[in-house]
Amino acid sequence: MTIIKISKKNLILVIAVLLPYLILSQVQLKGTVKVNSENTPHATVYLVDANDKVVAGTVTDDRGYLNIWTYKGSYTAVIKYLGCEEWSKKVSLKNDVHLGNVELEEKQNAASSKKFIKKHDNYYELLVNANKAFNESSLFDVLPEAPGVAVVKDNIFIVGKEKAEIMINNTLVTYSGKELIKYLKSISASKVENIEVYLKSASQYNIPDKDGLIKIKINI
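Just so we're aligned, residue 2 is where the sequence shown starts under the working numbering, counting upward by one.
Listed below are the simulated DSS-like cross-link pairs for lysine-lysine, each with C-alpha atoms no more than 27 angstroms apart in a straight line:
no., residue 1, residue 2
1, Lys108, Lys90
2, Lys120, Lys133
3, Lys95, Lys54
4, Lys154, Lys91
5, Lys154, Lys90
Label pairs and their in silico Cβ distance ranges:
no., residue 1, residue 2, range
6, Tyr206, Glu106, 33 to 41 angstroms
7, Asn37, Asn207, 36 to 44 angstroms
8, Asn171, Gly74, 34 to 42 angstroms
9, Lys133, Asp97, 38 to 46 angstroms
10, Trp70, Ser177, 22 to 30 angstroms
11, Gln27, Tyr66, 14 to 22 angstroms
12, Glu137, Ser177, 25 to 33 angstroms
Simulated from the structure, these hints should not be mistaken for lab results. No residue lacks a Cβ here, since even glycine has one placed at the ideal position from N, Cα and C.
Just need the whole structure built from these sequences, with the hints factored in.
Written out as structure tokens, the structure reads:
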């Protein structure tokens, strides 16, 4: 087997040549998420490809705006927000697409999400124990209610991250696949204090920046 070595200088040159083409192959999805005609921050927005993989996503900013860059293709756009029905739509991203105002429908008897979602400097927090509506659910059921978390066909994603690491009471969960799902379903949401989702850096927990962290506190 012949191993080709590329110098750092040549690698930089290759990247410089390819970068404009990579940029041109990307398109933008924009829009505004609303609930009761009000701009809604902290909603989770993501794109799912034909293989049921979350390829890109974001959390709406303080003005309810969403802005996602991704590669051209056909996707299912999904928007989730605590206390609202899930919104989804097929989108063909050949060029930039503006969704306009997306109005989410509130679930019946849903409590105000503002009470249960908190934004911190580098993570979002879902106050699970404070929401009695979660009492009959499992931890797995509650996870996708946290900003930045997407669950597709029993696979857990953090938008904008390659991998979702899960930590419970400061210990990383080593289960994966079906074992992980079974474990999370075995935990009652009534025991969960809160869920923190790190969309930026979680380096203080030795998590690489390319990955995200779901940090869960359980009352034992």
